[in-house]
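> Build out the structure end to end from the sequences listed, making use of the hints.
Residue numbers (our numbering), protein chains in the order written: chain S, 1 to 260; chain F, 1 to 260.
If you're looking for bench data, these hints aren't it; they were derived computationally from the structure. Some hints here could point you the wrong way.
[To be verified] Mimicking DSSO-like on lysine-lysine, the simulated pairs with C-alpha atoms at most 27 Å apart in a straight line are: (1) F/K48 <-> S/K48; (2) F/K185 <-> S/K156; (3) S/K246 <-> F/K246; (4) F/K84 <-> S/K183; (5) F/K246 <-> S/K149; (6) F/K171 <-> F/K21; (7) F/K48 <-> S/K58; (8) F/K246 <-> S/K144; (9) F/K185 <-> S/K84; (10) F/K141 <-> F/K58; (11) F/K171 <-> S/K246; (12) F/K225 <-> S/K225; (13) F/K153 <-> S/K185; (14) F/K156 <-> S/K185; (15) S/K183 <-> F/K156; (16) S/K156 <-> S/K141; (17) F/K149 <-> F/K21; (18) S/K225 <-> S/K144; (19) F/K183 <-> S/K153; (20) S/K171 <-> S/K149; (21) F/K185 <-> S/K48; (22) F/K183 <-> F/K24; (23) S/K185 <-> F/K84; (24) S/K55 <-> S/K2; (25) F/K24 <-> S/K183; (26) S/K183 <-> F/K153; (27) F/K144 <-> S/K246; (28) S/K153 <-> F/K185; (29) F/K149 <-> F/K84; (30) F/K144 <-> F/K185; (31) S/K153 <-> S/K141.
Protein chains: 2
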Amino acid sequence: MKILISNDDGIESRGIYELTKALKEIADVTVVAPLTEQSAVGHAITMKIPLRVTKHYKNGEFFGYAVTGTPADCIKIGMRNIIKFTPDLVVSGINHGSNTAINIIYSGTVSAAREAAIMDVPSIAISVTDHHPKHFEYACKVVKELALKVAEKGLKNGTMLNVNVPDLPEKDIAGVLITTQGKSKWDDIYEERVDPYGNNYYWLTGNLTEVDNHLGTDQFAIRNKYVSVTPIHFDLSDYETLEEMKNWNIEHENIIKEKI
Amino acid sequence: MKILISNDDGIESRGIYELTKALKEIADVTVVAPLTEQSAVGHAITMKIPLRVTKHYKNGEFFGYAVTGTPADCIKIGMRNIIKFTPDLVVSGINHGSNTAINIIYSGTVSAAREAAIMDVPSIAISVTDHHPKHFEYACKVVKELALKVAEKGLKNGTMLNVNVPDLPEKDIAGVLITTQGKSKWDDIYEERVDPYGNNYYWLTGNLTEVDNHLGTDQFAIRNKYVSVTPIHFDLSDYETLEEMKNWNIEHENIIKEKI
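Structure representation (structure tokens):
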């Protein structure tokens, strides 16, 4: 099995190091990751400035390729110009901090995996729930099991798995649940401050509110010490609203010549 | 009606100027837009550096607020700290270039509208299909009609409208269709070049391939000179795969103490 690895915390983060070490036990791996931290970049891609790619070493040994771009850039250029073949699987992570509910939209970690899904390559995004995680062991165990399961079962084109693992030792993990994306979202607060020159500036802070108490969501799973595995896709069409809108009477044909 | 306006081409672009002029005919508007171009930033938000907000003037008159961040930042800070109330509608655009099919994922224009939808405010993203558009008149007409229609009918929380208008004079527009997100995607090419110092760098280019010939998609509509109106949402859960995965036997309970 050939696996392409990326993340959004950057090639120097502990999470990608632990992930790479674990996946080497079951596959040939190549790391293509952002040179610098790219948290919350969403599905940004770099079009207006060129990208640079450099070889990156850890402990004197070649570790992978560092890209001066976003997680989605890493997957695109990784497949097109670095490995130059289609891997069996892309894995993004291990992210420091959970990517559940609305954070799936903002997450660079998820966008790397989603970019792979767009390119019809099965993919997994994996996160540990604390921003300063202490426990990568169970996440590594889960991702190896899921990688082998995806290889066995396949994933339909355009679908990826978003996995969140509580930051706990294995003995305290309650189990594994297949979940849906939760509805929790941020109650944003912009802290207003004044710089040394008398000008205002704003820091984004906030709390994740409207916590999902619904059994079956990603948020509910991790709050209850379960690993959460959510299949997600990128068909954003809202079919229910589409049907309702048929009654809005906005569709029409202009009186023109050449028709379809 | 109170409307908050943003975009991703930046506060100086022609599209946001035309949009603002048009919407002033039917509503009180406030513009909060990126200071600089933010195309293809996806749903990036700014967390690691602070934001600045400045008043922006056009032709000596106050036009709106410029934010040193992304389109999603503009909506968040716009609602929380600038207008400080919940508008009736958010409109993002008029984008220079279409936002159909997979581009919905990459688009900053769409992410501004989606951020509003996340905040339970009805929203519309509007684009004209050419990167150097000549015709804003019909897009302005359509967005006014849709704004009034959304005010009348409502949109369920979390759903927005993604609108694409062919870059044509009104007499050549074929009509208006309600559509789904198309399946077309990019065949990426990274052009490799050498800088004056002998180092390689890469420019992203490519073509939108796998064109949707399916009647009913956004791509099909605009290719046939129709305005495309697509309702989209941000529940990314893939319910079909979720059901299939129930047979993967990955769900389990660890043998531990405290249960839910």
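> Now tell me if each hint is right for this structure.
Going down the list of hints, with the structure as the test:
For the suggested pair F/K48 and S/K48, the alpha carbons sit about 22 Å apart, so the restraint of at most 27 Å is met. Using a Cα cut-off of 27 Å, the hinted pair F/K185 and S/K156 holds, with the two alpha carbons roughly 16 Å apart. Distance hint between S/K246 and F/K246 is unfulfilled; the C-alpha atoms sit about 35 Å from each other, more than 27 Å. Taking the CA atoms of F/K84 and S/K183, the gap is about 24 Å. The hint holds against a cut of 27 Å.
With a C-alpha separation of about 13 Å, the suggested pair F/K246 and S/K149 falls inside the 27 Å cut-off, and the hint holds. Proximity of F/K171 to F/K21 is assessed by CA-CA distance (about 22 Å); at most 27 Å being required, the pair is judged to hold. Only pairs whose Cα atoms come within 27 Å are accepted, and F/K48 paired with S/K58 is accepted, the gap being roughly 26 Å. For the suggested pair F/K246 and S/K144, the alpha carbons sit about 19 Å apart, so the restraint of at most 27 Å is met.
The suggested pairing of F/K185 with S/K84 holds, with an alpha-carbon distance near 19 Å, which does not exceed 27 Å. With a C-alpha separation of about 23 Å, the suggested pairing of F/K141 with F/K58 holds against the 27 Å cut-off. The straight-line distance between the Cα atoms of F/K171 and S/K246 is roughly 24 Å, inside the 27 Å bound, and the hint therefore holds. Of the supplied pair hints, the one linking F/K225 and S/K225 is violated, its CA atoms being roughly 52 Å apart against a limit of 27 Å.
With a C-alpha separation of about 25 Å, the suggested pairing of F/K153 with S/K185 holds against the 27 Å cut-off. About 16 Å separates the Cα atoms of F/K156 and S/K185, which keeps this hinted pair within 27 Å; it holds. Taken as a hint, the S/K183 and F/K156 pair is honoured in the structure, with Cα atoms around 14 Å apart against an allowance of 27 Å. Taking the CA atoms of S/K156 and S/K141, the gap is near 24 Å; set against the 27 Å cutoff, the hint holds.
Simply put, F/K149 and F/K21 have alpha-carbon atoms about 19 Å apart, close enough for the 27 Å limit, and the pair holds. Pair hint S/K225 plus S/K144 holds up; C-alpha atoms about 19 Å apart against a cutoff of 27 Å. Of the supplied pair hints, the one linking F/K183 and S/K153 holds, its CA atoms being roughly 24 Å apart against a limit of 27 Å. Proximity of S/K171 to S/K149 is assessed by CA-CA distance (about 23 Å); at most 27 Å being required, the pair is judged to hold.
A threshold of 27 Å between alpha carbons decides the hint, and for F/K185 with S/K48 the separation of about 19 Å falls inside it, so the pair holds. Restraint check: the Cα-Cα separation between F/K183 and F/K24 comes to about 35 Å, which exceeds 27 Å; the hinted pair is violated. Proximity of S/K185 to F/K84 is assessed by CA-CA distance (about 19 Å); at most 27 Å being required, the pair is judged to hold. Straight-line distance between C-alpha atoms of S/K55 and S/K2 comes to about 19 Å, which keeps the hinted pair within the 27 Å bound.
A distance of roughly 34 Å separates the Cα atoms of F/K24 and S/K183; the hinted pair therefore is violated under the 27 Å criterion. Taken as a hint, the S/K183 and F/K153 pair is honoured in the structure, with Cα atoms around 24 Å apart against an allowance of 27 Å. At roughly 19 Å between alpha-carbon atoms, F/K144 and S/K246 fall within 27 Å of each other, so this suggested pair holds. A hinted pair counts as satisfied when its Cα atoms are at most 27 Å apart, and S/K153 with F/K185 qualifies at roughly 25 Å.
Straight-line distance between C-alpha atoms of F/K149 and F/K84 comes to about 25 Å, which keeps the hinted pair within the 27 Å bound. A hinted pair counts as satisfied when its Cα atoms are at most 27 Å apart, and F/K144 with F/K185 does not qualify at roughly 30 Å. A threshold of 27 Å between alpha carbons decides the hint, and for S/K153 with S/K141 the separation of about 18 Å falls inside it, so the pair holds.
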